[in-house]
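From first to last, the protein sequence lines stand for chains A and B. Heads up: the first sequence is residues 256 to 468, going by my numbering. Heads up: the second sequence is residues 256 to 468, going by my numbering.
One or more of the hints may lead you astray.
[Stated by the list, open to error] Okay, the calculated bits of chain B under chain A, using three or more residues with CB under 8 Å as the criterion:
(1) 307 to 314
(2) 336 to 345
(3) 382 to 396
(4) 407 to 418
[Said to hold, decoys possible] Cβ pair distances, simulated, as ranges:
(5) A:T312 - B:S384: 35 to 45 Å
(6) B:R287 - A:D441: 16 to 26 Å
(7) A:R287 - B:G419: 13 to 23 Å
Quick caveat, the hints were computed from the structure, so don't treat them as lab data. Even for Gly, the Cβ is constructed at its ideal location relative to N, Cα and C.
There are 2 protein chains.
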Amino acid sequence: MSVRVDLNISLDGFATTTDQTPERPFGEDWPRLVGAYTATRTFRERVLHDTSGEGTTGVDETYARSYFAEVGAEIMGAGMFGLHNHPDDPDWRGWWGDEPPFRVPVLVLTHTPRPSLEMAGGTTFHFLSAAPREALDRAREAAGGKDVRVGGGPTVVRDFLKAGLVDQLHVAIAPILLGRGTRLWDDLRGLESGYEVTAETAESGTIHLTFRR
Amino acid sequence: MSVRVDLNISLDGFATTTDQTPERPFGEDWPRLVGAYTATRTFRERVLHDTSGEGTTGVDETYARSYFAEVGAEIMGAGMFGLHNHPDDPDWRGWWGDEPPFRVPVLVLTHTPRPSLEMAGGTTFHFLSAAPREALDRAREAAGGKDVRVGGGPTVVRDFLKAGLVDQLHVAIAPILLGRGTRLWDDLRGLESGYEVTAETAESGTIHLTFRR
């Protein structure tokens, strides 16, 4: 049972885009940042509920499949759930749709907790105000012996990395330069010690980098 | 005849280290940043004049060999020649040794030009104050129909990239996080347009990334 992170970043290390609007909550650059992932068969099935069997089946797909395997609970920041865009709407159910792809308990870190949300397909969002270690303890209990993923955003991931709580960090690097956004790698000097780091390049040009304890 | 760049950077995009001293002009982190390159057979022969035939012979060596092939002239910043550490010493001949590895004309960009320096082995350092385009014109004349390399440091490379003057950018990414130094990728949003970007991982874990026009 390990703690995992999977993130998409640009070559210059940006894990978020900056041109978000309510209609495009991740911004115009987002499709270019995550395009190789959203083109996979697993993403199409699992997130878009597309059962046509279409989608890429190469190296990106291998990582996409492993993204959902063996994860028993997820931790995410308020921004990734969507609270920052709808701070005053108690009925806002996040932008993950009626049947979110997680299918496990999801702990949303927020300073203004609200009642849990049970969604279709097995996902329940729980809202809590907690430091990384405490949130992880809660997630471990909820994970039933499976892995815990720290889903994002990058600031939340960095907090967990800095606290030494992450066993496996997988970063899919898109071969583009965004020039702005939130950097994943800030203040992580020496992170590689204690990890084995490997990399492989997918057919899409995406570089899959993995830090494993 | 094209304009090439070859640089070593860390995962977090730093192309220089910050702990330079006169004894270790590139700092303590430098060996970790460039270790895969300096371990190659070509580096050992060409830079260290080690004719034992030792050194790695894998993917890193393939790039090292191509580093020196077909280059007819080199452009570098004052810092890469070593002027910043010896600004007031007119007899300072750079830290590239009596027989520098370039073996071609090298144009050193500096605001305080000095007489040219002819070294053993075919390298001549010329010092000039010039903008990127003008320096490139001079280098092209000197290159005799071969390629021109913009050698570094990262600030000089970025100036040439921003001016749209680089045909091929090869970056060897060491799987380490330095957390400080000079970033290569700053202010290069959208650089990938107009280039084909490819990547492959060497046995050492180094990711070789190439932008080709």
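Hints, one by one, checked against the model:
Coverage of the stretch 307 to 314 of chain B by chain A is violated [criterion: at least 3 residues with CB-CB distance below 8 Å; count 0]. With a threshold of 8 Å between beta carbons, the proposed coverage of the stretch 336 to 345 of chain B by chain A is violated, since 0 of its residues qualify and at least three are required. Counting residues of the stretch 382 to 396 of chain B whose C-beta sits closer than 8 Å to any C-beta of chain A gives 0, which falls short of three, so the coverage hint is violated. Under the rule that three or more residues need a Cβ within less than 8 Å of chain A, the assignment of the stretch 407 to 418 of chain B is violated, with 0 such residues.
In this structure the supplied range 35 to 45 Å is violated for T312 (chain A) paired with S384 (chain B), their Cβ-Cβ distance being about 55 Å. For R287 (chain B) and D441 (chain A), the Cβ-Cβ distance of about 19 Å falls inside the hinted range of 16 to 26 Å, so the restraint holds. For R287 (chain A) paired with G419 (chain B), a C-beta distance near 21 Å keeps the hint of 13 to 23 Å intact.
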